[in-house]
Amino acid sequence: MPRLYKLWLALIYIIGLSALGVLLWVLGSILVNGLPVVLKYGIGLFTNNIPPPMFLFFGKPEVGLAPAIVGTLMVIGIAFAISLPIGFTAGILIAEFKHSKIAELAEELASTLVEVPTITAGISIYWLLVIPMHNPSALAGGIALSLIMIPYIAIYTAETYRKVPMVVKEGGLALGLKYSTVLFKVIRGLVLPGVISGVLMALAKGAGEAAPLLFTAGWNDKVTLNPLDQVSTLSVLIYKFGFSSQELWRELSWAASFILVFVIILPLIAISKIMVKKHEF
Amino acid sequence: MSSKYAIEIESLNIKIGNKHVIKDISLKVPKNTVFAIMGPSGSGKSTLLRSINKLWDLYPEVKVSGKIYIDGIDVNEIEAHELRRMVGMVFQRPNPFPHMSIYDNVAIGPRLHKLYKKKEELDKIVEWALKKAYLWDEVKDDLKRKASKLSGGQQQRLCIARAIALKPKVLLMDEPTSALDVVSTKRLEESIVELKKDFTIVIVTHNPQQAARISDYVAFIYNGELIEVGPTKDVFTRPKHELTEKYVLGKV
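Line by line, the protein sequences are chains A and B. First residue of the first sequence? That's 123 in the working numbering, and the numbers climb one at a time after it. First residue of the second sequence? That's 12 in the working numbering, and the numbers climb one at a time after it.
Source of the hints: derived by calculation from the structure; they are not laboratory data. Do not rely on the hints blindly, as some may be mistaken.
What the hints assert, rightly or not - Part of the chain B face toward chain A, derived, beta carbon under 7 Å:
no., residue
1, T44
2, S57
3, Y70
4, P71
5, M100
6, S112
7, G120
8, R122
Claimed, not checked - Across the chosen pairs, the derived CB separations fall in these ranges:
no., chain 1, residue 1, chain 2, residue 2, range
9, B, E132, A, L388, 47 to 53 Å
10, A, L161, B, E149, 57 to 63 Å
11, B, D152, A, W130, 55 to 61 Å
12, A, I208, B, K34, 44 to 50 Å
13, A, I391, B, K208, 39 to 45 Å
14, B, R104, A, I393, 31 to 37 Å
As the list claims (entries may be wrong) - Below 25 Å or equal to it, Euclidean Cα-Cα: the simulated DMTMM-like pairs (lysine to aspartate or glutamate) are:
no., chain 1, residue 1, chain 2, residue 2
15, A, K300, B, D68
16, A, K307, B, E138
17, A, K307, B, E201
18, A, K220, B, D68
19, B, K129, B, D152
20, B, K26, B, E88
21, A, K285, B, E72
22, B, K65, B, D82
23, B, K26, A, D351
24, B, K180, B, D152
25, A, K307, B, D68
26, A, K307, B, D85
Glycine residues also receive a C-beta, built at the ideal position from the N, C-alpha and C atoms.
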């Protein structure tokens, strides 16, 4: 029996380490393939337009990812502006008004939405918005992404507010303060790090999603700041260029992966984790 | 409309779910006294206390009926937050706002109720409240320290300071020493006796000795029923009810 136990333990270790290995391999390959491209094209990557499809006929094209970087920020910004108020309100509702039917419904909805395949958010916004507007756009992409981000923010917010002991909230109420004052002023300092951490995690999740944007955000070789224009994003660019037979496209796909993971997503997750640490009292 | 009683309770009944926890209790608490509610664990004392400042409003499963007047004002005629502005509370376990400084814990009530015009006035209120709670000397050099860094006894006195900073008419205390050691308990009891000059205090305790030490009036509650009430001296020296005598002697 002890020998069997040891064998079992060894197996657990091997499986655990290989899971970690896969993660490191993914990150490592992005680093190894992406960083050289970023160094090769340098700052131009962040300022130049994406070379047009016929770049081979135009001599030496400018090589850059600026439209995809700006597009990502626009789409994420729009999604953030929509999902923060809705997600936060839903989270408060779920945590603090648990006796109401709407709160129950909101919780069900949030936990279901988290599980829904993200591509369905894309297709539904395509039917709802892109077809009536006759054009994909940063706005449509942002709305599709907000469907992914709202449940994240709601769940994180609810968790954070639930963590505050009832007796602390009662301490505020006993001072003759309204419930809303207790929630938004008295315990603000206690919940803010947790809520911000949730928002950052939602942003990281949103930034990495390609599926909801495929039908909704469109494509653009050039930088635009008009939310009704089509935009390219890093995630969609990775998808589009990743399989290409052209060396330059594949290079750009790796560079975009590097920027997305090491410049946008990992820092967001890191800040979020630090926030959560600070939240413990 | 002012009354000579700080609190009047008339035929109060409280049900939690199907359980009848407080059974038809009526009480009158004279002003500027310490009024102890004593009884064994589970007798309903805390339940009774929490109905005085309508804390049960948050719990739909708790049904409160009967009349409660604070200084002659029917509590059902005013909003819960207005009532709680007049009735401070100190809880069984110290519950300071852990993320705030000592100063902010005391200042937050006056700040959010806008009770002052200048910062100096707020400083004065904070100092006054901390002194009244017998905490000032221990914390005056470092008011910016986080409340969570204080000892349990200090946290509880901070909670008293937080409550009295609003100068309520009544201060409710729900077994405030149950989580404290002997020295802290003694300190807290001293501050309670000091506080009755300014406030009416209702204190719940499961410890008859504590009731005898600090209270002017005492009510004995058993199984949700009021067994006996009167001046502390009378209840402890000449109890009218056999059950009270047993309880006071530690036999219940």
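Do the hints match the structure? See the list:
{"no.": "1", "hint": "T44", "verdict": "21 Å, violated"}
{"no.": "2", "hint": "S57", "verdict": "12 Å, violated"}
{"no.": "3", "hint": "Y70", "verdict": "9 Å, violated"}
{"no.": "4", "hint": "P71", "verdict": "6 Å, holds"}
{"no.": "5", "hint": "M100", "verdict": "4 Å, holds"}
{"no.": "6", "hint": "S112", "verdict": "10 Å, violated"}
{"no.": "7", "hint": "G120", "verdict": "4 Å, holds"}
{"no.": "8", "hint": "R122", "verdict": "9 Å, violated"}
{"no.": "9", "hint": "B:E132 with A:L388: 47 to 53 Å", "verdict": "50 Å, holds"}
{"no.": "10", "hint": "A:L161 with B:E149: 57 to 63 Å", "verdict": "60 Å, holds"}
{"no.": "11", "hint": "B:D152 with A:W130: 55 to 61 Å", "verdict": "58 Å, holds"}
{"no.": "12", "hint": "A:I208 with B:K34: 44 to 50 Å", "verdict": "47 Å, holds"}
{"no.": "13", "hint": "A:I391 with B:K208: 39 to 45 Å", "verdict": "57 Å, violated"}
{"no.": "14", "hint": "B:R104 with A:I393: 31 to 37 Å", "verdict": "34 Å, holds"}
{"no.": "15", "hint": "A:K300 with B:D68", "verdict": "12 Å, holds"}
{"no.": "16", "hint": "A:K307 with B:E138", "verdict": "23 Å, holds"}
{"no.": "17", "hint": "A:K307 with B:E201", "verdict": "33 Å, violated"}
{"no.": "18", "hint": "A:K220 with B:D68", "verdict": "14 Å, holds"}
{"no.": "19", "hint": "B:K129 with B:D152", "verdict": "22 Å, holds"}
{"no.": "20", "hint": "B:K26 with B:E88", "verdict": "21 Å, holds"}
{"no.": "21", "hint": "A:K285 with B:E72", "verdict": "22 Å, holds"}
{"no.": "22", "hint": "B:K65 with B:D82", "verdict": "16 Å, holds"}
{"no.": "23", "hint": "B:K26 with A:D351", "verdict": "62 Å, violated"}
{"no.": "24", "hint": "B:K180 with B:D152", "verdict": "30 Å, violated"}
{"no.": "25", "hint": "A:K307 with B:D68", "verdict": "21 Å, holds"}
{"no.": "26", "hint": "A:K307 with B:D85", "verdict": "29 Å, violated"}
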